[in-house]
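**Q** Letter by letter, the chains look like this.
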Amino acid sequence: MSAAIEAHGITRIYRGSRKRAEVRAVDRVDLRIEQGEVVALLGPNGAGKTTMVRVLACLLRPTDGAASVCGYGIREQPDTVRAVCGLSTETPGLYEQLTAAQYLTFFARMYLVPEREIAPRVDDQLRSAGLWDRRADRLGTFSKGMRQKINIARALVHRPRVVFLDEPTSGLDVEAARSIREHIQELSQDADTTFLICTHNLSEAERLCGRIAVMNRGRIVATGSPQELKDRVFGGRALRIRLRQALPQHRDLVASLPGVEQAELENSQILARLSAAEEEVNPGIVRALVAAGADIISLSTEGRSLEDLYLRLVHSDSEELEQSP
Amino acid sequence: MRRAWLIARKDIREVFGRRAVVLRALIPALVLPVVYGAMVGHEIQAAQERPDRAAAALGATLPLFAAIIAVVGALLAIMITADAIAGEKERRTIESLLATPASDLEIFVGKVMAALMPALVSGYLSGGIFFLAARLASGGHALPAVPATLAAARIILFGVPIIAVVLASLGVMVSARCSTAASAQQLSGTVFLPVSGLAIYGSLQITRWSTARLALLMAALVILCALLLRLGARALGREELVARLD
Numbered sequence: 001m002s003a004a005i006e007a008h009g010i011t012r013i014y015r016g017s018r019k020r021a022e023v024r025a026v027d028r029v030d031l032r033i034e035q036g037e038v039v040a041l042l043g044p045n046g047a048g049k050t051t052m053v054r055v056l057a058c059l060l061r062p063t064d065g066a067a068s069v070c071g072y073g074i075r076e077q078p079d080t081v082r083a084v085c086g087l088s089t090e091t092p093g094l095y096e097q098l099t100a101a102q103y104l105t106f107f108a109r110m111y112l113v114p115e116r117e118i119a120p121r122v123d124d125q126l127r128s129a130g131l132w133d134r135r136a137d138r139l140g141t142f143s144k145g146m147r148q149k150i151n152i153a154r155a156l157v158h159r160p161r162v163v164f165l166d167e168p169t170s171g172l173d174v175e176a177a178r179s180i181r182e183h184i185q186e187l188s189q190d191a192d193t194t195f196l197i198c199t200h201n202l203s204e205a206e207r208l209c210g211r212i213a214v215m216n217r218g219r220i221v222a223t224g225s226p227q228e229l230k231d232r233v234f235g236g237r238a239l240r241i242r243l244r245q246a247l248p249q250h251r252d253l254v255a256s257l258p259g260v261e262q263a264e265l266e267n268s269q270i271l272a273r274l275s276a277a278e279e280e281v282n283p284g285i286v287r288a289l290v291a292a293g294a295d296i297i298s299l300s301t302e303g304r305s306l307e308d309l310y311l312r313l314v315h316s317d318s319e320e321l322e323q324s325p
Numbered sequence: 001m002r003r004a005w006l007i008a009r010k011d012i013r014e015v016f017g018r019r020a021v022v023l024r025a026l027i028p029a030l031v032l033p034v035v036y037g038a039m040v041g042h043e044i045q046a047a048q049e050r051p052d053r054a055a056a057a058l059g060a061t062l063p064l065f066a067a068i069i070a071v072v073g074a075l076l077a078i079m080i081t082a083d084a085i086a087g088e089k090e091r092r093t094i095e096s097l098l099a100t101p102a103s104d105l106e107i108f109v110g111k112v113m114a115a116l117m118p119a120l121v122s123g124y125l126s127g128g129i130f131f132l133a134a135r136l137a138s139g140g141h142a143l144p145a146v147p148a149t150l151a152a153a154r155i156i157l158f159g160v161p162i163i164a165v166v167l168a169s170l171g172v173m174v175s176a177r178c179s180t181a182a183s184a185q186q187l188s189g190t191v192f193l194p195v196s197g198l199a200i201y202g203s204l205q206i207t208r209w210s211t212a213r214l215a216l217l218m219a220a221l222v223i224l225c226a227l228l229l230r231l232g233a234r235a236l237g238r239e240e241l242v243a244r245l246d
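Respectively, the protein sequence lines represent chains A and B. In terms of the numbering used here, the first sequence opens at residue 1 and continues consecutively. In terms of the numbering used here, the second sequence opens at residue 1 and continues consecutively.
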């Protein structure tokens with residue numbers, strides 16, 4: 001599979017002035033995103049997500065490093081990179097005097113979409129964003145959710161191969177955020193379009209994205225699917241087995257089974273850390289415990305949320321940085 | 001330059017949607033020519049009784065008034081440009097514009113054109129009103145065929161576009177450096193005053209200059225305008241604008 005985005009050692013430093021100190025917003029970032037992937041860029045405020053997106057979208061030049069988008073170098077062919085990218089900005093500033101249709105038509109023309117294709121594309125975007133009935137209304141009259149939708153539609157009207165969505169549901173109410181998420185989910189079905197979504201919203205990242213990259217203090221501290229990262233960080237899944245009476249021999253029995261890394265006794269429960277898939281290990285555990293005369297009341301996977309993972313990654317990275325000389 | 005034209009059209013639509021901005025520039029551009037035209041008309045009427053006085057009186061006032069009218073007419077350019085980049089920054093629309101494949105030059109020329117076209121209309125309209133008001137105030141007498149009348153016509157005809165391009169280019173450069181439209185307008189004032197002073201001084205010299213010298217001046221001003229456009233595109237710098245957004 002070809003890479004839609006490939007970045008090596010991207011660094012971006014904002015030069016200081018009399019009032020402001022120099023800021024290393026992005027620090028030696030390596031990133032590879034395959035064509036058609038939907039990747040979330042997670043990180044706390046000031047982690048460098050927006051700067052990274054701006055560098056990849058050729059709005060900012062990197063201080064160091066190289067990157068390509070759809071095979072075009074961001075230093076060598078910035079205009080071409082901009083032409084194949086769509087960027088939905090965090091704060092959807094809109095031309096308030098234009099109608100929704102005029103706004104999308106303006107941007108379609110700016111991307112040199114053939115004139116005969118503009119009207120159908122604008123209509124498509126307005127319909128899929130649920131704004132068809134408001135197409136003739138000025139953008140100044142739009143609600144926050146509608147503004148965000150038209151902002152995303154603008155980023156898509158020229159059918160870009162790579163779409164950057166910067167905090168697409170930031171500041172929206174539950175209903176509007178859900179509607180935007182559903183809209184992105186529909187759009188991401190297209191296998192030719194690659195999405196890089198910057199977000200603080202962890203459940204959104206888990207729902208929409210196949211892979212996440214966690215940024216902290218300008219660096220990417222981990223990348224992988226949410227499950228891969230959980231396995232990597234928390235050492236695999238855990239199974240909580242509730243017994244009528246859990247005994248140390250039950251714990252030892254479970255610990256001796258293949259696919260079980262470790263077992264602990266907690267009250268009347270056994271917490272087993274698994275090194276293999278649940279489907280392979282769980283039946284064996286149940287059989288062994290029943291054969292040993294244990295009464296199993298319940299069996300549940302000890303879920304580690306993406307939030308736990310995120311906090312662990314960010315905090316351990318921050319601690320490492322603070323400890324490093 | 002297709003994108004420049006698109007940006008210009010979009011900006012004009014945006015600016016004219018905000019009536020307060022347009023009215024602030026249009027009111028002096030429409031009122032001043034009526035007042036000055038009436039004063040010139042009064043002189044023309046007085047000169048009917050003393051024809052020898054006409055050349056002297058009009059020689060002193062006509063080019064000066066025409067220069068002021070050209071400057072005030074072109075004022076709209078700087079009012080619009082103050083909003084051009086700084087306003088887009090303030091409304092957070094600039095990032096989506098800069099994310100398009102439009103070059104810095106296309107964006108700059110688009111912004112200048114957006115300010116230039118209304119300024120040209122306003123400048124020529126002011127000039128037309130001035131001559132019309134003069135004729136009406138003189139009781140229907142035509143402006144006498146003296147060098148000052150010709151100079152005034154030249155100032156309006158050539159001065160308006162040149163002053164408008166200079167003001168629009170400088171205005172966009174100033175606007176790119178400011179973070180709000182209000183601060184851009186204040187800073188533009190410091191550009192507007194010396195430019196208008198020079199324009200008025202130059203206009204007063206025009207009656208004494210030969211056609212060849214005038215043609216040379218026009219050529220120099222056109223080159224200056226082209227240089228301003230090139231310099232402006234460089235000064236616009238996407239990089240700088242985006243880096244200053246947060």
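These aren't lab readings, by the way, just hints derived from the structure by calculation. Since the structure is predicted, the reported quantities are computational estimates derived from the model, not experimental observations. For glycine and all other residues, C-beta sits at the position ideal for the given N, C-alpha and C. Just so you know, not all the hints are guaranteed correct.
Said to hold, decoys possible - Residues of chain B clear of chain A, computed beta-carbon distances all greater than 10 angstroms:
#, residue
1, Leu6
2, Ile7
3, Gly17
4, Ile68
5, Arg92
6, Ile94
7, Leu98
8, Ile129
9, Ala145
10, Leu187
To be verified - A few chain A residues facing chain B, derived, Cβ under 7 angstroms:
#, residue
11, Ala57
12, Gly73
13, Met110
**Q** Confirm or reject each hint.
**A** Here is what the structure says about each hint:
1. With 10 angstroms as the threshold on Cβ separation, the claim that Leu6 (chain B) sits away from chain A is violated: the shortest Cβ distance comes to roughly 5 angstroms.
2. A beta-carbon of chain A is positioned within 10 angstroms of the beta-carbon of Ile7 (chain B); the least distance is around 8 angstroms.
3. The beta carbon of Gly17 (chain B) sits about 3 angstroms from the closest Cβ of chain A, which is not more than 10 angstroms, so the claim that it is off the interface is violated.
4. Every beta carbon of chain A lies more than 10 angstroms from that of Ile68 (chain B), the smallest distance being close to 32 angstroms; the non-interface claim holds.
5. Listed as outside the interface, Arg92 (chain B) is inconsistent with that label: its C-beta sits roughly 3 angstroms from the nearest C-beta of chain A, within the 10 angstroms cut-off.
6. The Cβ of Ile94 (chain B) does not lie farther than 10 angstroms from every Cβ of chain A; its closest approach is about 7 angstroms, which violates its non-interface assignment.
7. Separation of Leu98 (chain B) from chain A is inadequate, the least Cβ-Cβ distance of about 6 angstroms not exceeding the 10 angstroms criterion.
8. For Ile129 (chain B), the non-interface assignment is confirmed: its Cβ lies about 28 angstroms from the closest Cβ of chain A, beyond the 10 angstroms cut-off.
9. The Cβ of Ala145 (chain B) sits about 47 angstroms from the closest Cβ of chain A, beyond the 10 angstroms cut-off, so the non-interface label holds.
10. No beta-carbon of chain A comes within 10 angstroms of the beta-carbon of Leu187 (chain B); the shortest separation is about 19 angstroms.
11. Annotation: Ala57 (chain A) was flagged as interfacial toward chain B, and the flag holds, the nearest CB pair being 6 angstroms apart, inside 7 angstroms.
12. For Gly73 (chain A), the interface hint is violated, the least distance from its beta-carbon to any beta-carbon of chain B being 15 angstroms, above 7 angstroms.
13. With its C-beta approaching chain B no nearer than about 4 angstroms, Met110 (chain A) sits inside the 7 angstroms limit, and its interface hint holds.
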